[in-house]
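A.B. asks: Heads up: the sequence lines are chains A and B, in that order. Going left to right, the first sequence walks through residues 0 to 440 as numbering that gives the first Met the number 0 numbers them. Going left to right, the second sequence walks through residues 0 to 282 as numbering that gives the first Met the number 0 numbers them.
Hint data in this document are derived by calculation from the structure and do not stem from the laboratory. Some hints could be false.
Calculated pairs, DMTMM-like style, for lysine to aspartate or glutamate (alpha carbon to alpha carbon, straight line, at most 20 Å) [unchecked claim]:
hint : chain 1 : residue 1 : chain 2 : residue 2
1    : B       : K252      : B       : E228
2    : B       : K201      : A       : E84
3    : A       : K391      : B       : D207
4    : A       : K46       : B       : D236
5    : A       : K391      : B       : E149
6    : B       : K110      : B       : D185
7    : A       : K436      : B       : E112
8    : A       : K360      : B       : D93
9    : A       : K360      : B       : D118
10   : A       : K81       : B       : E149
Small disclaimer: the values here were computed from a predicted structure and weren't measured.
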Amino acid sequence: MKGLLSFKHGVHPPENKDITAGIASRRFPFPDEIILPLSQHIGTPAKALVQPGDRVERGDAIAEAAGYISSAVHATASGTVKSIELWPHPNGDMVPSIRIDVDPNSTQMQRPRIIPRWQDVKDEDLSKEIAKAGIVGLGGAAFPSHVKLTPPKDQPIELLLINGCECEPYLTSDHRTMLEYPERVYLGIRIALKALGISRAVIGIEANKMDAVEVMRKAAPDDLDVTVLPLQVKYPQGAEKMLIKAVMGREVPSGALPSAIGAMVQNVATAANVATVFETGQPLIERIITVTGRGIRKPGNWLIPFGTKLRDVVKHCGGLTEDAAEIIFGGPMMGLGQANLDVPILKATGGILILSRDECKRQDILPCIRCGKCLDACPVFLNPQLLGILAKAERYEEMASEAHLSDCMLCGCCSYVCPSNIPLSQLFAASRAQLRKLATP
Amino acid sequence: MTGNSILDSALILGGVGLFFGFLIAMANKKFWVWEDPRIDEVEELLPSTNCGACGMPGCRAFAEAVVSGEQAPSGCTVMGSDDIDNVAAYLGVDAGEATKRVARLLCAGGKNEAVRHSDYSGFETCKAAAAVAGGGKACTWGCLGLADCEVVCLLDAIYMNEDDLPVVIPELCTACNDCVVACPKDLFVLMPVEQKLIVQCKNLLNGDAAEDLCSVACNACNKCVADSEPGVIEIIDNLAVINYEKNALTDPKAISRCPTHAIVWIEGQQFEESSQELEKKAV
């Protein structure tokens, strides 16, 4: 692995991707009920367009963006709107969600609609079409893509980076997307390049997915200035700022966005779904999700409609094993622990990880011994040891002002290396919540 | 300098000491500032908890404010009425009137009432647990019972009962706001002790959906609204909300038909009854 581009610091946890990497994605059956929360993205929650009792077809817009940084929501299956009510959300809150009773024997059919030819759409209008389709970043943060594709005028973009790193252990959904839909990824790249008015793109893929590198290289169109770049296998290589550092050798300034240094990062799954909008007219209603871990009987990669309840996913994948202990949305490093089987799958859910008792052994939290391992692991060069001490002392303002808590991306490298098993990134997440609370009167 | 080094050093050090002592004595005279001696006396009478409930940075600052007349002695919520009268009598001012306020927990769903979907294991604070899927309790609004408030309370006015709920002892509580800030679920409110009718719930679901999560949840049945004077209680977002501007009209009969005992009439401290019931069960 020597000689490959990467960033400094970081960790390399056991990959565990072999559980599902070789399993081709398959379509998931429609559940009896789907739950679509109005906030599946960063920004203002969407505004519902339907009433209880309304009939909706698969692909119909059922909620519109409420403001610029917001995103539309579409029905992922045909059926009748049962109610709009508070429902458990994967982040632990209760949020207003649209409940749809899915028609028995419902089909993949969508309403016929006019699909705009992307070549004919004006560059600046492409992002409007993408907004209409409710596309958000599928790498995990779920930031509305149309906002990203309209960078500030004074910060021109030079390079589009396509993120195929998938550095989280266990997850293989981006890997399968690249293997199965390389043409779609390239079409998505074409559209994103046109929207940005630039011509050059780089696809970054971790070197543990050389088959994906091969496939993407083979599928590369001749008229497109795209490089497929294998990168060193290291976590968090797939974090936006780390990918930029590895490929461009530039650092995104603290508090700024990648557009400040002329870069833009899109996930491969996002690119593939942008292509779908202009290929078939289908908005963002489903994606490849890895269901994995040693706590589920039949792991695999599935094309799951959003709003499917975790309970239904578990049931269809053969159920939990006897020693299943923990369910996480996302990967083991940054994913959200789940407490409730009724939560729905969201746009940003790239994987469902069900760990067995052996995989998530609990260890006692011991006092910090000031070994400094976390400093060597932190990819943004913070001092997690100091942050942890301040968090325990509840000195939240100092964490923000002196120790740069806002630069922490909660990647979990510090928690991973800590020999005292201190859950540092959890403390930082809790501290941020407390700071938000102190800021609101 | 032979043989007398002990004497020499004693003389030199003694001389230096005398010199600096003289300087300090001079400075003390020269820069002396007159301070009202009553401030010290009042500070002696104050409880010295430095809790901040009066709004001043500590007991010394409060003593200064009282002596200068900016604050009335009753501004200190920690002192009993006798102590307040002592301060007022010493200064010859009016004690002033202050309503005794205490922190009340707007949740009664302890481990015996509320449903838990999953167990949380890890860093044992409410704030850390709340960062992991809300803490694992079925009711996302409810008390997590990991005692952040008990830890933060300087006056030991909060203890955790057998039901894993924090109990505020009204006699010790000074309404200093620390527990309000500490609770990640925002369950504490400071309210005057005269406000005896309290809805001990923040669940925004109604009917069975609420009761499925917790046996003492407000299910928005409207019975308490019907049983009280018009305008005293209102159902807002599936939760009974008491209009405390009409506190004089509140009556214990409002709680008589509550099916879940979410609304309660509190004379002293919260959860007294429930802990007694628990003791009975244990026997």
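A.B. asks: Is it true that the CA of B/K201 sits at most 20 Å from the CA of A/E84?
C.D. replies: holds (16 Å)
A.B. asks: Taking 20 Å as the top limit, are the C-alpha atoms of A/K391 and B/E149 close enough?
C.D. replies: Holds - the C-alpha atoms of B/E149 and A/K391 are around 16 Å apart, at most 20 Å.
A.B. asks: When you check the alpha-carbon spacing of A/K360 and B/D93, does it fall within 20 Å?
C.D. replies: violated (64 Å)
A.B. asks: Quick one, are A/K391 and B/D207 close enough, alpha carbons at most 20 Å?
C.D. replies: violated (39 Å)
A.B. asks: Just to be careful, I want the Cα atoms of A/K81 and B/E149 compared with a cutoff of 20 Å; is the pair within it?
C.D. replies: With a Cα-Cα distance of about 43 Å, the restraint between A/K81 and B/E149 is violated, given a limit of 20 Å.
A.B. asks: Given the proposed pairing of A/K360 with B/D118, does the C-alpha separation stay at or below 20 Å?
C.D. replies: holds (15 Å)
A.B. asks: Could you grab the alpha-carbon distance between B/K110 and B/D185 and see if it respects the 20 Å cut-off?
C.D. replies: holds (19 Å)
A.B. asks: Given the hint that A/K436 pairs with B/E112, does the C-alpha gap stay at or below 20 Å?
C.D. replies: violated (28 Å)
A.B. asks: Quick one, are A/K46 and B/D236 close enough, alpha carbons at most 20 Å?
C.D. replies: Measuring from Cα to Cα gives roughly 18 Å; hence the hint holds.
A.B. asks: Can you confirm whether the C-alpha distance between B/K252 and B/E228 stays at or below 20 Å?
C.D. replies: holds (10 Å)
In summary, the structure is inconsistent with hints 3, 7, 8 and 10 from the numbered list given earlier, while agreeing with the others.
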